[in-house]
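Student: The lines below spell out each chain.
There are 2 protein chains.
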Amino acid sequence: MKKNVLIIGAGGVAQVVAHKCAQNNDVLGDIHIASRTLAKCEAILESVREKNAMKVPGVLRAHAVDAMDSAAVAALIRTTGAQIVINVGSAFVNMTVLQACIDTGVAYMDTAIHEDPTKICETPPWYGNYEWKRREACEKAGVTAILGVGFDPGVVNAYARLAIDGWMDEVTSIDIVDINAGSHGRWFATNFDPEINFREFTGTVYSWQNGAWQSNSMFEVGRVWDLPVVGEQKAYMTGHDEVHSLSANYPQADVRFWMGFGDHYINVFTVLKNLGLLSEKPVTTAEGQEVIPLKVVKAVLPDPASLAPDYTGKTCIGDLVKGVKDGQPVEVFVYNVADHKQAYEEVGSQGISYTAGVPPVAAAMLIASGEWDVGRMANVEELDPKPFLTILDRIGLPTRVKDAAGDRPWNA
Amino acid sequence: MKKNVLIIGAGGVAQVVAHKCAQNNDVLGDIHIASRTLAKCEAILESVREKNAMKVPGVLRAHAVDAMDSAAVAALIRTTGAQIVINVGSAFVNMTVLQACIDTGVAYMDTAIHEDPTKICETPPWYGNYEWKRREACEKAGVTAILGVGFDPGVVNAYARLAIDGWMDEVTSIDIVDINAGSHGRWFATNFDPEINFREFTGTVYSWQNGAWQSNSMFEVGRVWDLPVVGEQKAYMTGHDEVHSLSANYPQADVRFWMGFGDHYINVFTVLKNLGLLSEKPVTTAEGQEVIPLKVVKAVLPDPASLAPDYTGKTCIGDLVKGVKDGQPVEVFVYNVADHKQAYEEVGSQGISYTAGVPPVAAAMLIASGEWDVGRMANVEELDPKPFLTILDRIGLPTRVKDAAGDRPWNA
Chain A
1 MKKNVLIIGA GGVAQVVAHK CAQNNDVLGD IHIASRTLAK CEAILESVRE
51 KNAMKVPGVL RAHAVDAMDS AAVAALIRTT GAQIVINVGS AFVNMTVLQA
101 CIDTGVAYMD TAIHEDPTKI CETPPWYGNY EWKRREACEK AGVTAILGVG
151 FDPGVVNAYA RLAIDGWMDE VTSIDIVDIN AGSHGRWFAT NFDPEINFRE
201 FTGTVYSWQN GAWQSNSMFE VGRVWDLPVV GEQKAYMTGH DEVHSLSANY
251 PQADVRFWMG FGDHYINVFT VLKNLGLLSE KPVTTAEGQE VIPLKVVKAV
301 LPDPASLAPD YTGKTCIGDL VKGVKDGQPV EVFVYNVADH KQAYEEVGSQ
351 GISYTAGVPP VAAAMLIASG EWDVGRMANV EELDPKPFLT ILDRIGLPTR
401 VKDAAGDRPW NA
Chain B
1 MKKNVLIIGA GGVAQVVAHK CAQNNDVLGD IHIASRTLAK CEAILESVRE
51 KNAMKVPGVL RAHAVDAMDS AAVAALIRTT GAQIVINVGS AFVNMTVLQA
101 CIDTGVAYMD TAIHEDPTKI CETPPWYGNY EWKRREACEK AGVTAILGVG
151 FDPGVVNAYA RLAIDGWMDE VTSIDIVDIN AGSHGRWFAT NFDPEINFRE
201 FTGTVYSWQN GAWQSNSMFE VGRVWDLPVV GEQKAYMTGH DEVHSLSANY
251 PQADVRFWMG FGDHYINVFT VLKNLGLLSE KPVTTAEGQE VIPLKVVKAV
301 LPDPASLAPD YTGKTCIGDL VKGVKDGQPV EVFVYNVADH KQAYEEVGSQ
351 GISYTAGVPP VAAAMLIASG EWDVGRMANV EELDPKPFLT ILDRIGLPTR
401 VKDAAGDRPW NA
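These protein sequence lines are chains A and B, in that order. In case it helps, the UniProt record's numbering puts the first sequence at residues 1 to 412. In case it helps, the UniProt record's numbering puts the second sequence at residues 1 to 412.
Honestly, I wouldn't trust all of these hints.
Label-pair restraints from in silico Cβ distances [what the hints assert, rightly or not]:
| id | chain 1 | residue 1 | chain 2 | residue 2 | range |
| --- | --- | --- | --- | --- | --- |
| 1 | A | Ile196 | B | Asn52 | 50 to 60 Å |
| 2 | B | Lys133 | A | Glu42 | 47 to 57 Å |
| 3 | A | Arg186 | B | Ser183 | 31 to 41 Å |
| 4 | A | Thr312 | B | Gly211 | 40 to 50 Å |
| 5 | B | Ala64 | A | Lys273 | 36 to 46 Å |
| 6 | B | Ile196 | A | Met68 | 34 to 44 Å |
| 7 | B | Ala405 | A | Trp187 | 23 to 33 Å |
| 8 | A | Lys273 | B | Glu287 | 19 to 29 Å |
| 9 | A | Arg61 | B | Glu290 | 28 to 38 Å |
| 10 | A | Asn267 | B | Gly166 | 46 to 56 Å |
| 11 | A | Glu42 | B | Glu287 | 45 to 55 Å |
| 12 | A | Asp226 | B | Ser215 | 28 to 38 Å |
Don't read these hints as lab results, they were simulated from the structure. Owing to the predicted nature of the structure, the values given are computational and were not obtained by experimental measurement. Using N, Cα and C, we set each Cβ at its ideal position, and we do this for glycine too.
Kindly produce the complete structure, drawing on both the sequences and the hints.
Tutor: Here you go:
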């Protein structure tokens, strides 16, 4: 039984995490939030207070911390008494925050794979470059570290496990499809940090097919998917975190990730990429100033958090899992549909942040109850999906299943 | 009779000017070139020597000068003994260089209108904001200052005057059409300084129609032109320098400028503009660095000078002038066709630089001979076009005319 949460980060996802922790503070205890900029943390707490989100009276406090400084994070863990750290800061801080958790013996979770700011798209499996190197250290310290427990990666890993365990004897393929059919009304914007968003798509597209890593380039492989609620949508094979753990756990299956992109997004991305404006390497202006082009692109684009008030429409994210049951081919689509406007009304964030921010809170509740407090490092598909999906049903992200037998709640 | 030339600037156009001055140094005398970066001037002189361009033995010298410092330019004029200054530096230095010429009593010319780095697209007529305010000062000092004597503005102003004087009793419209049907083989590049190139197209499109200034936005008005050699080409109404003097000299005529753009250029431009990446106003990155987006775009794009070796194809720039002759409507198209590869072979620059750099040398030769040494400020259409076009025929930019009587050399 662990309690008291420390949230690292103060972006759109952190805001959702803070609201959801507050709504469940009877289980989670004290809530602390820390980032480099104290004012951003305080703004989030202010929005929690405005919505009256705290279920029971309790501690709700903001802190300034440099999450790249492992010792500073460890000190904050000690002074706050937090036993559960939810890291939703930039993808560059995973390893320092994880180390702080190992050093202090508290539970760790994040929602995206660690990245080195100077490297784009490393050798697969990506988790092998950073996080998995700390497996033994976690085991030795008895530290629960749940990697990638947002929606994708995260919930979609649980969906894969649910489908395989529940409806098949063996799995042959896992296709994760992420469609945002919402509209923010701007000429162009990314739904989360432009720097992280574009970095996802500038490298090699790795997929796991026929028992080996396959390489493609971005927007090379696309297909139209016909999905519940959002209908027909074009999605492209994309490199993504969960492919790198699911392929290790289910090496016999093809594992692919598909993300929906409109022609407009692809055009803007292509122009920026081909001009060199998405580069993380510095260029020198005629005036002699050293500048990283991607940082300038980020600076001119809308702040993703600013999109929330006007965002309408829905997201559909799910897993099409194919396999064999009793010698017959079988397939099942496990999915969630989320609504941008509902998310904004509840927690002041748009749907993309909502789907990423609710799952780590469900995971924190399972660590608090002990069900997921496994005392080792784990990717989500290595944990029992049922208590996770049960909590998600209750706290805002219900799971449905569509197969030959119809379209229904997963546990119907 | 004036002699000895000082070239200000060391870009692609300056290279053409240096070569052409060298080829005509029997008339022009000493040749000096000066810019902020001495090495760039020396590289140009090196290329002049490589091509053995000097017609007769003579002075050919490089200097460093900050052209924003009027006193420094004046001092350089005095020490070099130059009597003719060809300013092909950035559009931001016109007024300081012009002042240096007024202070020293030497002839001045440039190829583009003065710009303030912090202002995009000022009130028409553009010349009224800066250059024309020094008319009296030139008159008083007896200084010849020829404004905008590149190709467009410049040669096209002479084309308008030629057509009006030669083939009509009154003029009703002047449409200047600039088509580059060449190919540089890069994914995207601008043909001259990206900063100046994009600034041309981010402001209001001013045209002079029905006796008044009309406003449009960029790419709002387009039409297909069927031109000699380059064939059918789409061009868009664009703001441009020569509209601002021709409309003052021929207020009874509609004056429009049309520039050819491919769909690819328009798409890249539209993405960059809509994202805010063409802004000359600084933005602040997440890391706190102040950056002007347009400077970063310039830094990632190919250096226009680097396009020259691989540039193929032709340009066609001309004036469609309509009017009335003996009570009947009449129209004539006066034009030049230039070849990128020929330009490179002759002077090491591509065709766009060539068409801009040859005309000021023809003008310098007319100042040297006295024919255009008028002792006052003038736009090109205010000077006799015939000696100018005669020299251009000889030094690389022949003029042709197409009308009801056929397609022929202008003086056939």
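Student: Is 28 to 38 Å a correct range for the gap between the Cβ atoms of Asp226 of chain A and Ser215 of chain B?
Tutor: violated, 48 Å
Student: Could you tell me whether the CB distance from Lys273 of chain A to Glu287 of chain B stays inside 19 to 29 Å?
Tutor: holds, 22 Å
Student: With 47 to 57 Å as the target window, see if Lys133 of chain B and Glu42 of chain A comply at their CB atoms.
Tutor: holds, 54 Å
Student: For the range 45 to 55 Å, tell me whether the beta carbons of Glu42 of chain A and Glu287 of chain B fit it or not.
Tutor: At 21 Å between Cβs, range violated.
Student: Is 36 to 46 Å a correct range for the gap between the Cβ atoms of Ala64 of chain B and Lys273 of chain A?
Tutor: holds, 38 Å
Student: A range of 31 to 41 Å was offered for this pair. Does it hold for the Cβ distance of Arg186 of chain A and Ser183 of chain B?
Tutor: holds, 35 Å
Student: Could you say whether the range 23 to 33 Å given as a hint is met by the Cβ separation of Ala405 of chain B and Trp187 of chain A?
Tutor: At roughly 51 Å between Cβ atoms, Trp187 of chain A and Ala405 of chain B fall outside 23 to 33 Å, so the hint is violated.
Student: Could you check the hint for me, namely that Thr312 of chain A and Gly211 of chain B are 40 to 50 Å apart, CB to CB?
Tutor: Given range 40 to 50 Å: holds, Cβ gap about 48 Å.
Student: Confirm or reject the claim that Ile196 of chain B and Met68 of chain A have a C-beta distance inside 34 to 44 Å.
Tutor: holds, 41 Å
Student: Starting from the hint 46 to 56 Å, judge whether the C-beta atoms of Asn267 of chain A and Gly166 of chain B obey it.
Tutor: 48 Å Cβ-Cβ, so the 46 to 56 Å window holds.
Student: Just tell me: holds or violated, for the beta carbon distance of Ile196 of chain A and Asn52 of chain B against 50 to 60 Å?
Tutor: Since Ile196 of chain A and Asn52 of chain B have Cβ atoms about 57 Å apart, the given range 50 to 60 Å holds.
Student: Indicate whether the distance between the beta carbons of Arg61 of chain A and Glu290 of chain B respects the range 28 to 38 Å.
Tutor: Since the Cβ atoms of Arg61 of chain A and Glu290 of chain B sit about 34 Å apart, the hinted range of 28 to 38 Å holds.
When each numbered hint is compared with the structure, violations occur for hints 7, 11 and 12.
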